[in-house]
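Undergrad: So the chains spell out like this:
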Amino acid sequence: AQSVTQLDSQVPVFEEAPVELRCNYSSSVSVYLFWYVQYPNQGLQLLLKYLSGSTLVESINGFEAEFNKSQTSFHLRKPSVHISDTAEYFCAVSETDSWGKLQFGAGTQVVVTP
Amino acid sequence: GAGVSQSPSNKVTEKGKDVELRCDPISGHTALYWYRQSLGQGLEFLIYFQGNSAPDKSGLPSDRFSAERTGGSVSTLTIQRTQQEDSAVYLCASSPRTGAYTGELFFGEGSRLTVL
Numbered sequence: 001a002q003s004v005t006q007l008d009s010q011v012p013v014f015e016e017a018p019v020e021l022r023c024n025y026s027s028s029v030s031v032y033l034f035w036y037v038q039y040p041n042q043g044l045q046l047l048l049k050y051l052s053g054s055t056l057v058e059s060i061n062g063f064e065a066e067f068n069k070s071q072t073s074f075h076l077r078k079p080s081v082h083i084s085d086t087a088e089y090f091c092a093v094s095e096t097d098s099w100g101k102l103q104f105g106a107g108t109q110v111v112v113t114p
Numbered sequence: 001g002a003g004v005s006q007s008p009s010n011k012v013t014e015k016g017k018d019v020e021l022r023c024d025p026i027s028g029h030t031a032l033y034w035y036r037q038s039l040g041q042g043l044e045f046l047i048y049f050q051g052n053s054a055p056d057k058s059g060l061p062s063d064r065f066s067a068e069r070t071g072g073s074v075s076t077l078t079i080q081r082t083q084q085e086d087s088a089v090y091l092c093a094s095s096p097r098t099g100a101y102t103g104e105l106f107f108g109e110g111s112r113l114t115v116l
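Protein chains in written order, with my numbering: chain A, 1 to 114; chain B, 1 to 116.
Be careful, since some hints might not be right.
Stated by the list, open to error - Here are the simulated lysine-lysine pairs, DSSO-like style, with alpha carbons at most 30 Å apart:
#1 B:11 / B:57
#2 A:78 / B:11
#3 B:11 / A:101
#4 B:17 / B:57
#5 B:15 / B:57
Derived by calculation from the structure, the hints in this document are not laboratory data. All of these numbers come straight from a predicted model, not from anything done at the bench.
Use the sequences and the hints to build the structure in full.
TA: Here it is as structure tokens:
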């Protein structure tokens, strides 16, 4: 079985400032890693994923995450946030042979203020 | 519609009543998932359907919960004799599950269940 820990439940940040959301996982088998985002009053959307290959993955809206196997981490970063990045962010993990059966972290609420 | 559709969006019921929640996945998606999002437990996997295979029910919290998927498309999640701890947002997701694994689930907006 795997587990996911998101260390921060809420992160307030000023517009154009950087943000980092921390995610650590534990698993005895190989895993895939994901970040999903939930904007206010919307469903969950995939932000980015690590399946294999380069450990640094990027999204189209400027977020990036780095898979660190030795530290079992998959932290999410953005160098400069916008008001529109206000949302809840969920880190998730799945075993490599377990399609779509995700174990989610508790979520991190990001609130961007001017 | 292009996305995963869930109904009802909101449901208020009395303790002990049965409820049915419906999910209409994206056309052509063979895999369908139910998750539950609650304040105390976060996001939890409930059940997974893939094509004609037997569903993975390993996340269902009790035998009061059941789900079916008819014709490989629409799914219904049924909760019998509802309890207050069943109050949550029930999320449905689908994925194509063809070719290489992309890991992307497409989620609906959820059905918010309140048990009084």
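Undergrad: All the hints need checking, so say for each whether the structure fits it.
TA: Each hint, compared with the structure:
1. Our distance criterion of 30 Å between C-alpha atoms is met by residue 11 of chain B and residue 57 of chain B, whose separation comes to about 23 Å.
2. This hinted pair does not check out: residue 78 of chain A and residue 11 of chain B have alpha carbons roughly 37 Å apart, beyond 30 Å.
3. Restraint check for residue 11 of chain B and residue 101 of chain A: satisfied, since their Cα atoms lie roughly 26 Å apart, inside the 30 Å limit.
4. With a C-alpha separation of about 22 Å, the suggested pair residue 17 of chain B and residue 57 of chain B falls inside the 30 Å cut-off, and the hint holds.
5. At most 30 Å may separate the alpha-carbon atoms for a hinted pair to count; residue 15 of chain B and residue 57 of chain B meet this at roughly 24 Å.
Consistency with the previously given hints fails for number 2 only.
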